[in-house]
Amino acid sequence: VSNDVFFSSVRDLGRLLRLKRISSVELTTSYLDRLGRLGPRLGALVTLTRDLALEQARRADDELARRQDRGPLHGIPYGAKDLLATRGIPTTWGAEPYREQVLDYDATVIEKLREAGAVLLGKLAMVELAGGLGYNNPDASFTGPGRSPWNPDYWSGGSSSGSGAATGAGLVAFAIGSETSGSILTPCSYSGVSGLRPTYGLVSRHGAMALCWTLDKLGPMARTADDCGLVLAAIAGPDPKDPTTTGSFRYPVRGAADGGPKRRFRLGVLRNATERALPEVKANFEKSLTVLRAFADLEEDVAFPEFPYGPAVGVIVDAEGASAFRELIEGGKTKLLRAQADKLGGYSAYMTLAVDYLEAMRARVRMRAALEEMLARFDAVVAPTRGNVALPIGYDFDKGPSPSPSPTPSPAPGAERPAPPATIPAGNLAGLPAVCVPNGFGPHGLPTSLQFLGRAFSEATLLAVADRYQQATDWHTRRPPEPPA
Amino acid sequence: MRTTGRRRFLKSLGVAPLLPAAALAPQVAPPAPSPTPSPSPSPGAPGAMAWALTEAVRHRFGAQLTVEELAEVAKGIEANLLAASRVAERMRHGNADEPVTRFQAHRPPEPAAPPPPPKRSRGRRGRR
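Chains as they are written, first to last, in my numbering: chain A, 20 to 504; chain Y, 126 to 253.
Isolated chain A, as found in the complex (with noise of 0.2 Å):
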């Protein structure tokens, strides 16, 4: 099997094994040798789940060749963040005193899968408890820091690690990862990759480990945005096993969605989008912004709501995050995580007063309806997805900025300069969709990223925007050079 296919669409996929040009099995042995050999060079496998994953793909290509075809994800081998449950197969959550753990039930995103026909490779890597207890390294997982696909010696991005690494190396077609803040985004952008974070309630979290209830989402990685449509019809829609799921997603036939191939959409830039950013984001943002004119109308200057998001996602995730790890924290367990923050910041958060957390939840109201009403006027508003690129593997993240080869030029002396929008906590808090891709690279040959940001269940127009820069552009198809041994 070439690297043409390990880089391949989920869709094309799909083509080849219809056409008969190779089957599940097949397809299936070469990624899970992939997987097997370079996964753990990227820091990016925690299990492979060998006989699993032959015994789904024998009966994709049995039911195939009876024609019965499950839809788009039938035969295809994909990796799952190892935070979500898998019967009789360990699930770390990232962390060692979970190690051992192995759960009798599958996570209903699991289960989804499983019947839209797709093959399960194997759990991938991720930050321990998903970076609730305030990791500040990259290097913050039993299995090690996750490395980027495109400069190992640099954060793949936290916390779905390995989802980010093993999607863009080719090591699966696709992963699942999951966001409580910035979780799916951020090993997206740092891996080249393309994601989707989805409307809080439109995809069951039974199942995953929980970090915060009212924040926590699970969503695609892959190579591009119409594959994230893809999986996220297989796995959105309610369960009565996850009380907060609500809505449904039915992904329409490509470029269908919204009036057609030629419909115009109405794109915000949000005002100081580029600010504090590298260079090399900046430019890459406005080239990008270039390309989006030829099928958008882009109004500039959109000026985002002003709120305190990150320190309302700091006070929620303490709390919730507190009480989710009472056990471990009140067991002495945290001792055993690998970052040093994580060893003692549940206790820091376990003193969370409740009268501060319900503060926050009482903002996140108003956060919404400001949001609401400034993106009702758009079809997305548009930001870098990340002001950086990935952080190098060993750099503590509270030592202040990350050093880099093109800093960004100081403000003027006495001039202020302004905060960016903070697009992924504000979006979190609110529960709103965006779809992130690849749009260029910066220092050290690492990729930079391109945000969309909507309403809450418009992931059909983000996708829509989303897939229509992608036809336009090249950049996910570009394939990062072998990890070295």
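No lab work stands behind these hints, which were simulated from the structure alone. All figures in this text were calculated on a predicted structure; none of them were measured in a lab. Careful, some of the hints might be misleading.
Away from chain Y, derived, C-beta distances all over 12 Å, residues of chain A [stated by the list, open to error]:
#, residue
1, 55
2, 261
3, 268
4, 312
5, 318
Below 25 Å or equal to it, Euclidean Cα-Cα: the simulated SDA-like pairs (lysine to any residue) are [stated by the list, open to error]:
#, chain 1, residue 1, chain 2, residue 2
6, A, 260, Y, 237
7, A, 352, Y, 184
8, A, 354, Y, 188
Quick reminder that beta carbons are idealized off the backbone N, C-alpha and C, glycines included.
Position chain Y against the provided structure of chain A, taking the given hints into account.
What follows is chain Y alone, placed relative to chain A:
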């Protein structure tokens, strides 16, 4: 006002005496918990409120933590308090402004409607 209220509250719990600040000299402040790294509040040295809460941590978990670790916990608490105060200062709420979480009582399923009484059917024979 907030800080004074908190102090009074903690005093009422009897969590004094506080750890001596000199024994717990701050070094590097851990960031506010965040699933992905983001600029976190940069607190200065832990204030009285942070030390008070740290004393509560020591009271509950002292056997698990060294003095140096408690100093780190104090800095984490200071960062968290700073985050909370930033939210509170920027977002003033009215009395009835509810948080987004809403408790709902469990609504039991409607009891099944009793089956309709059997109709007295008179067969043709009966009518005859």
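- Ascending list of hint numbers which this structure does not respect: Going through the list in order, the structure violates no hint and respects every one.
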